[in-house]
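Here the protein sequences line up with chains A and B, keeping their order. Just so you know, we're using my numbering here: the first sequence kicks off at 1 and counts up by one. Just so you know, we're using my numbering here: the second sequence kicks off at 1 and counts up by one.
The set of hints was computed from the structure by calculation and includes no laboratory data. Be careful, since some hints might not be right.
Which stretches of chain B does chain A cover? Using the computed rule of at least three CB atoms under 8 Å from a CB of chain A, they are [said to hold, decoys possible]:
| hint | region |
| --- | --- |
| 1 | 47-60 |
| 2 | 91-102 |
Over 12 Å on every C-beta distance to chain B, these chain A residues come out as not near it, computed from the model [to be verified]:
| hint | residue |
| --- | --- |
| 3 | Asp2 |
| 4 | Thr20 |
| 5 | Asn22 |
| 6 | Lys49 |
| 7 | Glu76 |
| 8 | Lys77 |
| 9 | Val82 |
| 10 | Ser83 |
| 11 | Asp84 |
| 12 | Ser85 |
| 13 | Thr107 |
Which residues of chain B face chain A? A few of them, derived with a C-beta cut under 8 Å, are [as the list claims (entries may be wrong)]:
| hint | residue |
| --- | --- |
| 14 | Ala24 |
| 15 | Met41 |
| 16 | Gly42 |
| 17 | Gly63 |
| 18 | Ala82 |
| 19 | Pro83 |
| 20 | Leu110 |
For clarity, every value in this text was computed on a predicted model and none was experimentally measured. Backbone N, C-alpha and C define an ideal beta-carbon position, used for all residues, glycine too.
Take a look at the letters that make up each chain.
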Amino acid sequence: GDSVTQMEGPVTLSEEAFLTINCTYTATGYPSLFWYVQYPGEGLQLLLKATKADDKGSNKGFEATYRKETTSFHLEKGSVQVSDSAVYFCALSNNNDMRFGAGTRLTVKP
Amino acid sequence: NAGVTQTPKFQVLKTGQSMTLQCAQDMNHEYMSWYRQDPGMGLRLIHYSVGAGITDQGEVPNGYNVSRSTTEDFPLRLLSAAPSQTSVYFCASSYQGMRETQYFGPGTRLLVL
Numbered sequence: 001g002d003s004v005t006q007m008e009g010p011v012t013l014s015e016e017a018f019l020t021i022n023c024t025y026t027a028t029g030y031p032s033l034f035w036y037v038q039y040p041g042e043g044l045q046l047l048l049k050a051t052k053a054d055d056k057g058s059n060k061g062f063e064a065t066y067r068k069e070t071t072s073f074h075l076e077k078g079s080v081q082v083s084d085s086a087v088y089f090c091a092l093s094n095n096n097d098m099r100f101g102a103g104t105r106l107t108v109k110p
Numbered sequence: 001n002a003g004v005t006q007t008p009k010f011q012v013l014k015t016g017q018s019m020t021l022q023c024a025q026d027m028n029h030e031y032m033s034w035y036r037q038d039p040g041m042g043l044r045l046i047h048y049s050v051g052a053g054i055t056d057q058g059e060v061p062n063g064y065n066v067s068r069s070t071t072e073d074f075p076l077r078l079l080s081a082a083p084s085q086t087s088v089y090f091c092a093s094s095y096q097g098m099r100e101t102q103y104f105g106p107g108t109r110l111l112v113l
């Protein structure tokens with residue numbers, strides 16, 4: 001079946017550091033790819049998405065590019081803030097199925 | 001708009017008890033789904049519905065029932081709770097399907113003793 005593998009955490013960065021969270025997937029066909037973010041005590045919120053190869057999703061300074069050749073959808077941000085501290089989930093949707101990665105906890109210190 | 005609401009926020013059950021987790025959305029979304037979130041495993045799809053009267057199984061449906069009598073509501077029933085069902089449960093909805101943005105409720109934390 002389809003699956004998502006993402007970089008294990010936790011990740012701790014200083015404010016203004018560069019962030020990369022790796023995500024790779026296994027799927028048949030042409031899945032849509034997502035990054036969701038979960039702040040403490042809350043449900044997940046969509047951060048960005050891409051629906052076809054070479055699409056770049058972006059939001060709030062975060063970016064990820066759908067790379068079919070490497071089956072990857074890595075999340076990047078050039079300069080993180082304390083307010084970015086959260087758990088980040090990579091996910092794919094394919095044929096009425098949704099699969100999430102295990103989540104990566106990010107802590108940004110001032 | 002309230003978005004996606006879930007009740008209760010927290011529940012403790014004894015093994016063998018039954019209960020219903022409530023989920024409602026006021027966005028007129030056709031698609032609704034239930035997930036469970038366990039440490040180190042991300043979210044796993046339990047059941048989903050593409051519209052009133054239509055439901056289907058996800059990745060981990062055993063021990064759970066759902067029904068969709070209205071567009072707004074999508075309750076999840078635990079028939080006979082087991083300690084393995086201790087988890088955080090999230091309901092989500094989207095306009096038409098999984099490939100679109102899903103809006104998540106705040107979650108229900110369930111402890112089965």
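For each hint, the structure was consulted:
1. With a threshold of 8 Å between beta carbons, the proposed coverage of the region 47-60 of chain B by chain A holds, since 5 of its residues qualify and at least three are required.
2. Given a C-beta distance limit of less than 8 Å, the hint that chain A covers the region 91-102 of chain B holds, as 6 residues qualify and 3 suffice.
3. Listed as a non-interface residue, A:Asp2 fails to keep its Cβ farther than 12 Å from every Cβ of chain B; the least gap is roughly 10 Å.
4. Distance check for A:Thr20 against chain B: the nearest CB is about 19 Å away, which clears 12 Å, and the non-interface claim stands.
5. Distance to chain B confirms A:Asn22 as a non-interface residue, since its nearest Cβ pair spans about 15 Å, more than 12 Å.
6. With a cut of 12 Å on Cβ distances, A:Lys49 falls inside the contact zone with chain B, its closest approach being about 7 Å.
7. A cut-off of 12 Å between C-beta atoms confirms that A:Glu76 is not in contact with chain B; the least separation is 20 Å.
8. For A:Lys77, the requirement that its beta carbon stay farther than 12 Å from each beta carbon of chain B is met, with the minimum near 20 Å.
9. Distance check for A:Val82 against chain B: the nearest CB is about 23 Å away, which clears 12 Å, and the non-interface claim stands.
10. With a least beta-carbon separation of about 19 Å from chain B, A:Ser83 lies farther than 12 Å from that chain, consistent with its non-interface assignment.
11. Interface exclusion of A:Asp84 from chain B stands, the closest Cβ pair being 19 Å apart, more than 12 Å.
12. Look at A:Ser85: its CB is around 18 Å from the nearest CB on chain B, clear of 12 Å, so calling it non-interface holds up.
13. A cut-off of 12 Å between C-beta atoms confirms that A:Thr107 is not in contact with chain B; the least separation is 17 Å.
14. Because the closest C-beta pair between B:Ala24 and chain A is about 14 Å apart, greater than 8 Å, the hint is violated.
15. Given hint, B:Met41 at the interface with chain A, holds; its Cβ is 6 Å from that chain's nearest Cβ, closer than 8 Å.
16. Hint on B:Gly42 holds. Least Cβ distance to chain A is approximately 4 Å, under the 8 Å limit.
17. At a threshold of 8 Å, the smallest CB-CB gap from B:Gly63 to chain A is about 19 Å, leaving the interface hint violated.
18. Restraint check, B:Ala82 versus chain A: the minimum CB separation of about 23 Å is more than 8 Å; hint violated.
19. The beta carbon of B:Pro83 is not positioned within 8 Å of any beta carbon in chain A (closest approach about 21 Å), and the interface hint is therefore violated.
20. At its closest, the beta carbon of B:Leu110 sits 15 Å from a beta carbon of chain A; the interface hint therefore is violated under the 8 Å criterion.
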